[in-house]
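Use the sequences and the hints to build the structure in full.
Under the working numbering, residues 11 to 461 are what the sequence shown spells out, in order.
Among the hints, a few may not be true.
Unchecked claim - Label pairs and their calculated CB-CB ranges:
| # | residue 1 | residue 2 | range |
| --- | --- | --- | --- |
| 1 | G260 | D213 | 35 to 43 Å |
| 2 | D52 | E141 | 32 to 40 Å |
| 3 | G260 | D395 | 21 to 29 Å |
| 4 | R414 | I62 | 50 to 58 Å |
The hints are simulated quantities; they were obtained by calculation from the structure and are not laboratory data. Using N, Cα and C, we set each Cβ at its ideal position, and we do this for glycine too.
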Amino acid sequence: MMNPIEIEEQSFSEDFDQYSNSSMESIADNPSEVHRYRAQGDRVLSKFRGIIDKYDYHIGPDHPPIQTSPRKSKITDEEIEKKKELLERLDEVLLPELSLEIQGFSDLFEPSELHEAPYRQLKTIRRRQHELEKTIDRVLKAKREICRDACTTSEPNDPDLEEIKSYRLYILAYGFQVYLIPMICELFIKSYELIEEMAFSNDPPDHIMDVSTARGLMLDCTAEATTEIAAIRRFIQGSDMDNIQSRWSGLVPAIEETHKAYEDLIKKVQLHPVLCRSYTPVDPSIKVAKAFLPIMKLSRLFFKKLASDPKFSNNDKRLRKFTHLPSSQLSALGELPDVLDKVLAESHEHLENSSITEEGMTSWELSLLVDELQVGFRQSMIVVDYFISQIPDSDREGFPKQTRYREWFKLWNDTFSSSVSRLMQVVDPYLYEDCQCPNCLNPRPRRRQPR
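Here it is, written out as structure tokens:
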């Protein structure tokens, strides 16, 4: 079954050509009218450029995705209440209003209506640009007030702040700066391109595409923007565990991709040519890469268990929505995928370059990375243990007992610790072994070539 956007795209592509030709012929016969609506179109495009520049400031390689804002002093009861009220207003009023305005704004770009009365429609679009900009400003102002001096992953003293814990606000700000605002800017870009494609301005289009394609791209951005607004509202309404799990998007496929990269590295090293045919190379990078494989499999199992088991979701109403854990502990589990990704990526790079790096340096670098991974999982297990303690130790309703989860994670933790120990056993003595065959141990003197 097609969704409403697909139905609109299909309907437009079927009806647009036969409708637009006749309606535009009469307008094209009036040069003054063409000049009039194109001047209006130029003003619309100019406003789009200004809005995009205004909101696009944080996007790009030169800017961090999220600026943290640690708390400088103890938050007062009055400030706590104000932030909570503003967060509730953001969720229940401002974000729904923004979603409706984005949808209504997108509807103004229906090509058949633009062709029927271009000047009037473009004038309406220009007015709605200002209204939408004001709504976005109100939303962002509320977000800034909520996150001011309270947006960091490392706050250790906020276990009782519930919905305004620093880590929750960090996730909120991240959703705005990395997903929602860039998507709104992309919507404005596609709107800009649609007006160009329909020749409703004096600017020639930068990209050649048909109008139905341009409209389809704009509808896609509209759907994505409203989806991101809904996601931010879920952050606000969700439990601490829901917020943590939201940070794991695309994690399992990423681990599988890294797993394949390590397997490819092993094959590449094994196929590397050697000078002596008698030499069976014992390249230390192969041993280390192979020892990393079970670490990745266990990591994937760890996250899949937490992400898929309904016990660790707010759907289980017997669990508390807000934990008594501070942001520093919640972020240990929430940001663990970043630690895992960093360790695996940097270790892979060290192994790839180990043949041209001093052996002791490679061993030292790998040891630091493995230790970082151990610390990350150790801190995360404290958080997991807290969530397990919230599961009632009873199966009266047919649910698994708390002890069952403790046993599962204890077995997992023991297996993970053993795998890390085996990894360190091949990391510490990271040496390239010379060939021990007689020819290499006692090389024959080279004969002098006759003159």
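Tell me, in ascending order, the numbers of any earlier hints that this structure violates. Violated: hint 2 alone.
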